Amino acid sequence: MRKIIFQMMISVDGFFEGPNKELDWHNVDKEFNDISIAFLDSVDTLIFGRITYELMASYWPTSEANSDDPLVTERMNNLQKIVFSKTLKKADWNNSKLLNGNAIEEIKKLKQLPGKDMAIFGSSNLVLGLLDYNIIDEYRLIVSPVILGKGTSLFNGLKDRVYLKLIESKVYNSGNVLLNYRIEKKNS
Amino acid sequence: MRKVIVSMYTSIDGFIIGPNGEMDWVFKYADAGSEKHSEDIVDSIDLILLGRVLSDEFLPYWANDKSEFGAKIRGIPKIVFSRTLDKVEYKDVKIIKENIREEISKIKSQPGKDIVLYGGAGIVTAFTNLGLVDEFHLFVTPVILGGGKHLFAGLNSNCNLSLMATNKYDSGTVLLIYKPKII
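Protein chains in written order, with the numbering used here: chain A, 1 to 188; chain B, 1 to 183.
These are calculated hints, taken from the structure and not from any lab test.
None of the values given here were measured: they were computed from a predicted structure.
Be aware that a few hints might be false.
DSSO-like mimics (lysine-lysine), calculated; alpha carbons at most 27 Å apart, straight line [said to hold, decoys possible]:
#1 B/Lys36 x A/Lys170
#2 A/Lys165 x B/Lys28
#3 A/Lys30 x B/Lys181
#4 B/Lys149 x A/Lys185
#5 A/Lys170 x B/Lys179
#6 B/Lys72 x B/Lys181
#7 A/Lys165 x B/Lys108
#8 A/Lys30 x B/Lys168
#9 B/Lys94 x A/Lys185
#10 B/Lys28 x A/Lys170
#11 B/Lys149 x A/Lys165
#12 A/Lys150 x B/Lys179
#13 A/Lys159 x B/Lys36
#14 B/Lys149 x A/Lys21
#15 A/Lys30 x B/Lys3
#16 B/Lys168 x B/Lys36
Sequences are here, hints too, so could you generate the full structure?
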């Protein structure tokens with residue numbers, strides 16, 4: 001069965017964005033870009049919650065994105081995208097599909113279809129709602145070498161503690177560390 | 001000059017204690033490998049620094065720790081940071097009430113082995129804000145706590161780090177060793 005892979009960059013102290021939603025601390029270099037391209041080539045669908053979708057849809061189609069990063073931009077724009085939202089009216093970014101039903105059921109159905117793996121970037125609210133249901137196969141957290149001190153923490157709003165199992169870890173020249181987990185069990 | 005080493009366990013979402021003060025997960029994930037690193041740190045230092053709240057937990061615990069590690073740690077001088085305490089009933093424990101920067105800078109410039117700071121969050125943040133930390137040894141455990149006391153809560157501004165080394169233990173805990181990045 002195809003996997004759902006969640007990927008997010010976090011600070012050493014576990015924040016995915018600063019207090020004013022800053023992402024300027026993201027530690028990105030050529031090696032990271034090359035890995036991102038390889039990862040994008042291993043999936044055929046990107047799944048988003050509304051907030052991350054809107055952020056990405058406002059960036060990747062721009063000429064700025066294309067001149068900064070043509071290879072990632074091309075992939076982000078061409079890949080099939082699915083956005084879950086009950087409030088969004090339309091999803092205009094190239095090759096997007098808007099779904100307003102139950103994300104859990106919809107993603108379970110998608111996993112049954114033939115195809116490559118699927119990725120979820122950011123979309124912390126969506127992911128929080130999926131944590132309970134063993135739908136996400138890999139949680140790839142990239143720890144950037146910075147302490148923010150404040151912001152929004154990963155899985156903010158989680159009710160019960162979740163135990164993970166480390167599948168792999170990798171250290172990059174930039175000082176980023178990839179920690180790849182799956183859920184071991186839920187404590188409730 | 002003597003280094004100040006911060007050594008702490010944290011959840012993957014950056015909490016050092018759970019929403020109701022829980023620290024059971026630290027004991028769940030501290031295994032032979034990570035404990036060995038902690039012991040190596042103890043062998044490389046001759047002074048232990050503690051915030052007041054943490055000292056209330058650690059000092060009585062160490063006083064009754066019958067292990068070799070307990071004996072070793074009892075023999076090391078300690079400093080507790082507190083504005084309100086005047087004395088501590090354990091031997092070889094000094095109190096620093098104020099002028100942390102001056103006091104610690106003075107100690108760092110004296111001859112001796114390295115110094116370890118075990119927390120808690122408040123004093124680690126204060127040390128980081130004052131630029132007094134030379135190395136962070138963070139044991140990142142494979143648990144999402146979802147709430148609690150945040151490591152580095154109250155930091156004045158972003159602190160960029162350089163990754164120096166990592167290690168991985170059987171429990172799934174990963175040690176990340178950083179030093180502050182000099183820009």
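Margin query: For B/Lys149 and A/Lys21, compute the direct alpha-carbon distance and say whether it is at most 27 Å.
Written below: 21 Å, holds
Margin query: Please verify whether A/Lys170 and B/Lys179 have alpha carbons no more than 27 Å apart.
Written below: 19 Å, holds
Next item on the list: Would you check the hint for B/Lys149 and A/Lys165, treating anything up to 27 Å between C-alpha atoms as holding?
Entry: 23 Å, holds
Margin query: Hint check: B/Lys94 vs A/Lys185, CA-CA at most 27 Å. Holds or violated?
Written below: 44 Å, violated
Item checked: 27 Å Cα cutoff - pair A/Lys165, B/Lys28 -> 13 Å, holds
Notebook entry, point to check: Is A/Lys30 within 27 Å of B/Lys168, Cα to Cα?
Noted result: Between A/Lys30 and B/Lys168 the Cα gap is close to 26 Å, so the pair holds against 27 Å.
Check: Going straight from one Cα to the other, do B/Lys149 and A/Lys185 come out at no more than 27 Å?
Finding: 23 Å, holds
Next item on the list: Take the C-alpha atoms of B/Lys72 and B/Lys181, compute the straight-line distance between them, and say whether it is at most 27 Å.
Entry: 33 Å, violated
Item checked: Satisfaction of hint between A/Lys170 and B/Lys28, Cα-Cα up to 27 Å -> 24 Å, holds
Notebook entry, point to check: Given the hint that A/Lys30 pairs with B/Lys3, does the C-alpha gap stay at or below 27 Å?
Noted result: At roughly 33 Å apart (the allowed maximum being 27 Å), B/Lys3 and A/Lys30 break the hint.
Notebook entry, point to check: Are the Cα atoms of B/Lys168 and B/Lys36 separated by 27 Å or less?
Noted result: 12 Å, holds
Notebook entry, point to check: Given the hint that A/Lys150 pairs with B/Lys179, does the C-alpha gap stay at or below 27 Å?
Noted result: 20 Å, holds
Of the numbered hints stated above, those contradicted by the structure are hints 6, 7, 9, 13, 15, listed in ascending order.
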